[in-house]
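**Student:** What follows is each chain in one-letter form.
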Amino acid sequence: MNVLTIEHLSKSFGSLSVLKDISLKVSKGEIVAVIGPSGSGKSTLLRCATMLETMDTGSLSYCGEYVCQHDASLNKSVYASQQKLRDLRRMFGLVFQNFNLFPHYTVLKNITDAPICVQKRDKQAVIEEARNLLREIGLADKENAYPYQLSGGQQQRVSIARALINKPEMVFFDEPTSALDPELTNEILKTIRKLASLRITMMIVTHEIEFARNVADRVIFMAGGVIVEEGKPDDVILHPQNPRTQTFLANLKK
Amino acid sequence: MLLDLLSGLVTSIAIFLLTLVFALPLGLVISLGRMSKRGFLNIPTKIFISIMRGTPLMLQIMVVYFGPYYIFKIPLSSNYRFIAVIIAFSINYAAYFAEIYRAGIESIPIGQYEAAHVLGYTKCQTFFKIIMPQVIKRIIPPVTNEVITLVKDTSLSSTISVLEMFTIARQLSSAQTSMMPLIAAGIFYYVFNFIVAYLMEQLEKALNYYR
Ligand SMILES: Nc1ncnc2c1ncn2[C@@H]1O[C@H](COP(=O)(O)OP(=O)(O)O)[C@@H](O)[C@H]1O
Ligand SMILES: [Mg+2]
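Sequence order for the protein chains is U and Z.
Okay, so the first sequence: first residue is 1 according to this note's numbering, each after it adds one.
Okay, so the second sequence: first residue is 1001 according to this note's numbering, each after it adds one.
Don't read these hints as lab results, they were simulated from the structure.
In this text the structure is predicted, and so the values were computed from the model without any measurement.
Idealized CB from N, CA, C, for every residue including glycine.
Just so you know, not all the hints are guaranteed correct.
Only part of the chain Z face toward chain U is listed, based on derived beta-carbon distances under 10 Å [as the list claims (entries may be wrong)]:
1) G1120
2) F1127
3) K1129
Computed far set for chain U versus chain Z, every beta-carbon distance over 10 Å [unchecked claim]:
4) D71
5) E129
6) R135
7) K142
8) K194
Now the stretches of chain U that chain Z is said to cover, found in silico as 3 or more residues with beta-carbon under 8 Å [claimed, not checked]:
9) 79-90
10) 98-105
11) 110-119
So that you can see chain Z by itself, here it is in the shape it has in the complex (with noise of 0.2 Å):
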């Protein structure tokens, strides 16, 4: 039972980095386009957001995964199931992600970028050198409230019957009728988060150096 839940753990953690990898550059770019003046940057972004972060994720994931069959008639193979849960994963995300950036952002006093604009930094330059950092540091609360949902909407992905831990222990569980598959994958879901969790606070601290 513990070598099953654990290889659905690895497709768990795999999910899960996936979609941090996707949905922290993707985030970024989005809320770039929400900030924009350009009411073709920042309309449809804005919408895009509002629907991500309005309807349930199970749907989403429902929606990303059978569209291509019941839309375009596109046979769906078994692999696509773990592709459309990363696509769905990342795009929810990065629409959350997006928020917490923008408000980071936006948070940052303008003086920040008049100071640098003086001393010729490029556009680019401010960005990556002056504003980033800053910003990194003073989002990492809220991404890491994020980051820890994340673990435990990893679950989430059993709506396609993609082979993670929760898949995994719900069909061990009513196989052998006991509960002890469903109570060791909490344990495990709780351990992952642990270490997340101590994890994002060794970045918060590594990044206390300045106030």
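One chain only, chain U, in its complex shape (with noise of 0.2 Å):
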């Protein structure tokens, strides 16, 4: 079964083509890496998925259910209610760049207050279940600390809890560790790869191709607003065919 259905997905910003038709689909347990120049369109389309942005033209479906569906009579994507897309948006979580915790929460009033104030779900087991994760990404002890109190990797481990807590179908990262100082880097790392051996459906925009090359199922490459070159992680990262694709790797190599 597709988590995630992005059908002929087009977007601009004023007269800046951004995104140029971009289909894809990705299946429940699978792990994408979506890589590519800075420019490309890959934040764009996080964003687009995660109705950040509004597409153009094109659709968007989570398990078969349409955030928007394109209408060939209007030539324009048409989006479901307010009340529907307030309920499609428990299906994904994303990570960002810069984490964007809240900073006058405390660590687990961040990861709890959107399920129980939003989401309405039992204020109780939502806190059971925020602890049992900070005790997975070894924050246990940080439940009352706040944000700036954190290093940026436990920032980003504890936004990584919060895309986590509603259990949604998919969780995108937008290059979850491109705010961090190198030597943080790993341990972001480590709990995505952790995520991926519970087979989380994820999909990743990293410039860590190595990361890619090791944790993806598939990975994607990018460039001006087009997929140009998908595969296995090793055909498209060692044996890349696309001339762009194998300038990128070659540029990064250096």
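Combine both chains into one complex, guided by the hints.
**Tutor:** What follows is the structure, encoded as structure tokens:
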């Protein structure tokens, strides 16, 4: 079954066409890494998928339920009702490059506030689950800390827990290690590997090519708003077919 | 003399508190209008703020007080004096607070809104649970400045002879041909502001649990 289905997605900012007719499916348990040069539209793709941007044309669905559907007569995407979109948001979590934790909430509240106040889940159960997650990511003793008291790597782990608390069908990561010092990168990659071993469906934008090769089931190379090449990690990363992929990977090695 | 001054001080405190009660929320409404993308909201609020900040408060008090009579020939009742002062102070300070709120709200990183959005918070929840608490922390220093100025500005009510502390001090001083009432009033203003500054400092400390 496909968790995420994107069909013919296009997106422009003014006259700048950023995503051009992107189609993409992610099946349950699959781990997809997205690589590509800066400005190629990777973040915009994730932001469209997580409803932070509205797409111009094309369709988007989670587990067969439509977030938006292309309307041929209007030639644009028509979004579902606000209520429906609110329900569909539970289907995914998003981990930002800059964590975006809420500075005035403790670690525990950062993770539990939305499930309790937005999704109206049972408070005790949510807190219980949050504590389990914190234990999993090695931050059990930090539940009452505020984000400023944590290292970048710890903050990012909290934001991963926040993205997981509603048991989403899928988690998106937008360059989760890019804001971190190199020595903190590994702890995040380790956490993501752990999720991968649990077969949590993930789509990860990353510049960590080795990590992508090890952890992903499929690698997508984007450039200029299109998917240039995709396939098994070893094929795309070790034996790229497209000249743009070859140039990009060659430049990374320098 | 002290009793007279103290009764004036009570009026000054009333002006001070009522102005804050009205101006703090009104300022928020105005700042939201000012930041709106709709022209019919942001253009009038922008002009309003510009006029309120660009003309003397003393003149605004007189316009609010005498306006109804000169323009509409509504007879002025004596208790309208106090109401006029409250109206003039409230809209004037609301304009200043609006700009402080706006700076505070615009200083919150866009990522906070985005994180809230992805987690499913409604616009209203995002504003009141996520954004406003952080804004309040950031704007306490400029708000403290305004509040301290307000304590001193209450003396402008004497323009239309509201019997607050400064009006009374001036009357006593000329009746007794003595500096003492003015000096005593000065001390009261200073103590008043000392307490206000102390309270704002406590508030700032109370919000220091995060950064
Ligand atoms: N909100 C926006 N308004 C205008 N242009 C944007 C906006 N967001 C992204 N862009 C542009 O879209 C292009 C793709 O950006 P992005 O998706 O962030 O690329 P990537 O994440 O691959 O580096 C860039 O040229 C960027 O300048
Ligand atoms: Mg990006």
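**Student:** Evaluate the condition: distance from the CB of K142 (chain U) to the nearest CB of chain Z exceeds 10 Å.
**Tutor:** The claim stands: K142 (chain U) keeps its Cβ more than 10 Å from every Cβ of chain Z (closest is about 14 Å).
**Student:** Restraint: G1120 (chain Z) near chain U, CB-CB cut 10 Å. Satisfied or not?
**Tutor:** 4 Å, holds
**Student:** Looking at K194 (chain U) again, its CB stays over 10 Å from all of chain Z?
**Tutor:** 22 Å, holds
**Student:** Apply the coverage criterion to the stretch 98-105 of chain U and chain Z: a residue qualifies when its Cβ sits closer than 8 Å to a Cβ of the chain, and three qualifying residues are needed.
**Tutor:** The restraint on the stretch 98-105 of chain U holds, since 6 of its residues have a Cβ under 8 Å from chain Z and three suffice.
**Student:** Beyond 10 Å from every Cβ of chain Z: is that where the Cβ of R135 (chain U) lies?
**Tutor:** 22 Å, holds
**Student:** Grab the minimum beta-carbon distance between D71 (chain U) and chain Z and tell me whether it stays above 10 Å.
**Tutor:** 24 Å, holds
**Student:** Given F1127 (chain Z) was flagged as interface, is its beta-carbon under 10 Å from a beta-carbon of chain U?
**Tutor:** With a closest approach of 13 Å, the F1127 (chain Z) hint is violated.
**Student:** Just to make sure I understand the rule, a stretch counts as covered if three or more of its residues have a C-beta closer than 8 Å to a C-beta of the chain. Does the stretch 79-90 of chain U meet that for chain Z?
**Tutor:** Satisfied; 3 residues make the cut.
**Student:** Within the stretch 110-119 of chain U, is the number of residues with a Cβ closer than 8 Å to a Cβ of chain Z three or more?
**Tutor:** With 5 residues in contact (Cβ-Cβ under 8 Å with chain Z), the coverage given for the stretch 110-119 of chain U holds.
**Student:** Over 10 Å to the closest beta carbon of chain Z is the bar; see if E129 (chain U) clears it.
**Tutor:** 15 Å, holds
**Student:** Measuring from the C-beta of K1129 (chain Z) to each C-beta in chain U, is the shortest one below 10 Å?
**Tutor:** 7 Å, holds
Checked against the numbered hints given earlier, this structure breaks only hint 2.
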